[in-house]
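Student: Quick mapping for you: the protein sequence lines, in order, are chains A, B and C.
Quick note: the first sequence uses the numbering used here, first residue 1386, plus one each step.
Quick note: the second sequence uses the numbering used here, first residue 340, plus one each step.
Quick note: the third sequence uses the numbering used here, first residue 82, plus one each step.
Hints are supplied without guarantee of correctness; some may be wrong.
[As the list claims (entries may be wrong)] Quick list of in silico lysine-lysine cross-link-like pairs, DSSO-like style, CA-CA up to 30 Å: (1) B:LYS644 with A:LYS1509; (2) B:LYS754 with C:LYS279; (3) B:LYS548 with B:LYS509; (4) C:LYS223 with B:LYS440; (5) B:LYS509 with A:LYS1501; (6) B:LYS548 with A:LYS1501; (7) B:LYS688 with B:LYS405; (8) A:LYS1501 with B:LYS682; (9) B:LYS644 with B:LYS598; (10) B:LYS598 with A:LYS1509; (11) A:LYS1509 with B:LYS396; (12) B:LYS744 with C:LYS223; (13) B:LYS647 with A:LYS1501; (14) C:LYS156 with B:LYS464; (15) B:LYS616 with A:LYS1509; (16) B:LYS754 with C:LYS280; (17) C:LYS223 with B:LYS688; (18) B:LYS598 with A:LYS1501; (19) B:LYS597 with A:LYS1509; (20) B:LYS744 with C:LYS156; (21) C:LYS156 with B:LYS682; (22) B:LYS597 with A:LYS1501; (23) B:LYS464 with C:LYS223; (24) A:LYS1509 with B:LYS647; (25) B:LYS649 with A:LYS1501; (26) B:LYS509 with A:LYS1509.
[Unchecked claim] Which residues of chain B face chain C? A few of them, derived with a C-beta cut under 10 Å, are: (27) ILE380; (28) ILE418; (29) ASP434; (30) ARG438; (31) LYS457; (32) GLU524; (33) LEU554; (34) PHE631; (35) SER709; (36) ALA751.
These are calculated hints, taken from the structure and not from any lab test.
Beta carbons: idealized from backbone N, C-alpha and C, even for Gly.
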Amino acid sequence: MDLSLLFAQALSGLSRGMMLFLIASGLSLIFGVMNILNFAHATLWLVGAYACYTFWFLLQTHDFAVWLAIPLAALSVGLVGWVIEVVLIRRVYDRELPEQLLLTYALVLILGDLIKITWGVDDKLIARPAMLSEPVYIAGVPIDSYFIFVIAVGFAVYLALWWFLQKTRYGHIVRAAVFSREMVSALGIPIPIIYTGVFVLGIFIAGLAGAIQGPVGSVTLGMDMAVVIQAFCVVIIGGFGSLPGTMVSSIIVGEVYAFSILFWPGGALALIFILTAIVLIVRPWGLFGTPLRA
Amino acid sequence: MRTKSLLCLAAVLAVCLTLVSGGMTQARAGEPYNLGAALAITGTGALYCQDGVDAIKLAVEEINAKGGFLGQHPIKLYIRDTHTKPDSAVRATRDLILRDKVRTVLGTYSSACAVAIKPVCLEYKVLHIPAISNSEGITLTNFSPYTYQVVPNSYMQAKAVVLGVAALAKKKGWKTFATIASDYEWGRSTQQNTVALLKQLAPDLKLIKEFWPPLGETQFTSYITAIMAQKPDFVIGSIASKDNVAWMKQAKAYGFFKKIPYPGSLISVTELILQAKTLDRGLVGLCRAPFFAHMDVPMMANFVKAFKKKYNRYPSDWAVMEYDAVYGLKQGIEKAKSIDSAKVKDALKGATIDTTRGKLYFRDIDNQLSCSSYLGVVADDPQYPFPIYHDLVEVKGPDSWRPEKEIIAARAAEKKK
Amino acid sequence: MGKKKWTWAGAVFAALLLLPTVLGEFWVLVLTEILIMGLFAVSFNMIFGYMGQLSFGHAAYYGVGAYTTGLLMVKFGLPLGPSLLASMVMAGAVALVLGYFCIRLTGIYFAILTMAFGQLIFYIIFQWYSFTGGDNGLQGIKPPPMLEGAWSYYYFALLVVTAAVAVMWVISESPFGYTMRAIRDNIQRTRFVGLNTKKYMLINFVVAAMFAGLAGGLWGPFNRSISPDLCNWHQSGVPVFMTIIGGPAGFVGPLIGSVIYTFLMAFVTGFTEYWPLTIGIIITMVVLFLPGGVWGLVERYGAALPAREGPPDDPEGGTP
């Protein structure tokens, strides 16, 4: 096993991990603050990819098509998230966990069919921007230049979220809400508004991740199913509601995947499930989480 | 209470059995022919199946314009979604047979669905023509006389690839190769057949690594970098549908195809059309039923014209094969002079039929159509708005299918278990 | 009150006996599916309704049962009866190992750990080509000749499912069943009383898995083939749907759910491909406007029926 192979795998694992982080960070945020595990997160991610296709399709004569389509798609998905929060999620804040879970699971089914009705069954292909369609060489190892962009966006989202949570007043409120809703609400801060905001933010990031996924391969129905379980695993390993945890576990999962295909072809996913189960058994609140609100 | 209910049960059972054994149906003139299609309307495979459905509809329209089968049995089409899941496929098939009273079930995208509905069709004596899925297992073992296959099966396709690759390897002095195949039945059986056949034909070639991305993989980067680092002389891939699209697109972005030859992967007409702009020219691809290979057959020329007129696009392999399935059925019915499926299946045994791919016949031992596999070089063509295959090599069915001896041996081994 | 309940049960059983005589073959198959899925859902509710934990990997045991029966019948030529028993034993054994870890967690962690284990089992079955046939599944699972017809298999399933449901009913009404309710309502208090709650929960988990295994065992010969999809997380969602629609608080809730879900599916898929959309909307409506499911409705308006416990109490309470 030579060094350049290890380096190439590490790099591709990192890009995979960043893609997972973009999906899982919103999931983790929503669960951490609202205590709602959103099954439909990956489906909204898929909506983001489809929306990206639509905007790209409308703009495709321009060079900047993809660059504009990605933020537009993310914003539209954020809007969809807002509608979902107002119409559905808001009604089940006080409900039991199974009912909340089931509602978001129902959303997976509903959105899946709505996507099919809206965009049809055929694959959608988004052409990559010309500047990101050639490989780049780092120390002689090729990497898809698009994934450099993905890695950059991953870190940018991480930093932006970190700044928001640590340095802004709203961020402080949100973080306080993770530990005690009662206390925050006792301070006279309206919890519902915070909840709506967090949900929309989380879904916006999911939409952004989906839009970025769009040009990677093709956009197809059912893509969300392969992703949702992996995103859950990432959130569990990192710890619900922990931003650094999600980042670290995303990279771990990405790297485990990248290296396991060398040693155990076909066993990559099994390893991730085993890792998740071990974390749950040994440290249910995750590597970086706090056991406060189990 | 207990004896009473047991008695009751026995009585009920008796009544039921008499009721069931009563009904045998005889076809009347003018009676519609109910035709079922169990396809993947959603999920993986929807991409291919949409074309299949459209072609079936076209064939049905054409035949109905002439009064239907035998000129007197107008076809009524029933389409059910298998969700690409074997359980759903069985449910859909039973539903088609029992509620819609279909006499033939056309299908299916996934091979797992095909092998699951095969015994159900046999049980109800309904014809089964899987016109997209092509795992060899459909006709090799657990043989059903009601199942006819109009797709070159995974063995035939592998054989075709191997013939092509062995010739190329000799010419270019290739020594080592790697494989990448989707981790499910079709990917596995194709990969295994290819490797085994390649060993026979070109024993010097060395397999250095196998890669098995899961079905539904969206990000292939780790596979691409790993393969490139191994530096094989060439790579053989068995990845289908949307996974194939994602894989090709990402591999291209790594400059993969410029560095490592990738001969004989499945690039059907769907991919040629869909990736018209991005597909690397010069790739050696494999497909199952490209329309452009047979434009000299009047039936194909007419089909392409009609399909284009109705849907404003060119038919993919999947459309061609579903269309052939309907017309094969038609010829079986004409030969049997009956729409009774038991008689049609006997009429089709060993029958030669006209297809868009020319005159072909069903082999006696496994009801496999003697259809060809096609290899070629992806290249632009002034006639079409997408690349097609140039230097097309047509590997005929009888040159590529599994020898009968091996089939008999496989079935004997199955019995022993 | 007891009398009334028995009258009801008798009437339903009589209806189940007689109904197939007037139905076509298709609907008899649907009825069989209702029975098998009903058994699956009731076994799920032993964990959900009576222990207060949401298992999102219950299909794993259903799948283990299906594969045990399927493999024993196809590869080893064992008859159906012993194969079904083996299914229960096998599913129970797997649940004993995995449950040992699961019952240590509660709430969302329990749900996700059961799901992760479920996916792991799915993965093993999917990958183990030489033994399970991989994703192609296992074909040629034929019931014995006398049970091959749709009607005869229905009566066989009716017999087995009725017996199994009766056993679960007895368990739920036994001191053991009440201990489970006590654990659900307040685990700390139950522990303080001096009961080994973990042991009770593990036994309950194993018993529930055994009956899920039995349901899976019944499925293979009915469907003639099985595939790894039977253990996937989507399949784990089905008993959850059924239970929520039917109502988790009553013993018969999951059965009602199975009737509604399966009939609806057979009916809806007859004319539209949008079954997921349909069931998604129904689940949303039930969650939003019909908490407690159909059984909850019956309880609220059917004053004649005895009042039973409310919905499970805060299953996310307590620390892992």
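Student: Confirm or reject each hint.
Tutor: The hints, checked one at a time:
no., hint, result
1, B:LYS644 with A:LYS1509, "holds (26 Å)"
2, B:LYS754 with C:LYS279, "violated (48 Å)"
3, B:LYS548 with B:LYS509, "holds (21 Å)"
4, C:LYS223 with B:LYS440, "holds (23 Å)"
5, B:LYS509 with A:LYS1501, "violated (48 Å)"
6, B:LYS548 with A:LYS1501, "violated (38 Å)"
7, B:LYS688 with B:LYS405, "holds (26 Å)"
8, A:LYS1501 with B:LYS682, "violated (40 Å)"
9, B:LYS644 with B:LYS598, "violated (39 Å)"
10, B:LYS598 with A:LYS1509, "holds (27 Å)"
11, A:LYS1509 with B:LYS396, "holds (24 Å)"
12, B:LYS744 with C:LYS223, "holds (28 Å)"
13, B:LYS647 with A:LYS1501, "holds (24 Å)"
14, C:LYS156 with B:LYS464, "holds (26 Å)"
15, B:LYS616 with A:LYS1509, "holds (14 Å)"
16, B:LYS754 with C:LYS280, "violated (46 Å)"
17, C:LYS223 with B:LYS688, "holds (26 Å)"
18, B:LYS598 with A:LYS1501, "violated (38 Å)"
19, B:LYS597 with A:LYS1509, "holds (25 Å)"
20, B:LYS744 with C:LYS156, "holds (24 Å)"
21, C:LYS156 with B:LYS682, "violated (33 Å)"
22, B:LYS597 with A:LYS1501, "violated (36 Å)"
23, B:LYS464 with C:LYS223, "holds (16 Å)"
24, A:LYS1509 with B:LYS647, "holds (21 Å)"
25, B:LYS649 with A:LYS1501, "holds (22 Å)"
26, B:LYS509 with A:LYS1509, "violated (39 Å)"
27, ILE380, "holds (5 Å)"
28, ILE418, "holds (8 Å)"
29, ASP434, "holds (7 Å)"
30, ARG438, "holds (5 Å)"
31, LYS457, "holds (7 Å)"
32, GLU524, "holds (4 Å)"
33, LEU554, "holds (8 Å)"
34, PHE631, "violated (32 Å)"
35, SER709, "violated (25 Å)"
36, ALA751, "violated (16 Å)"
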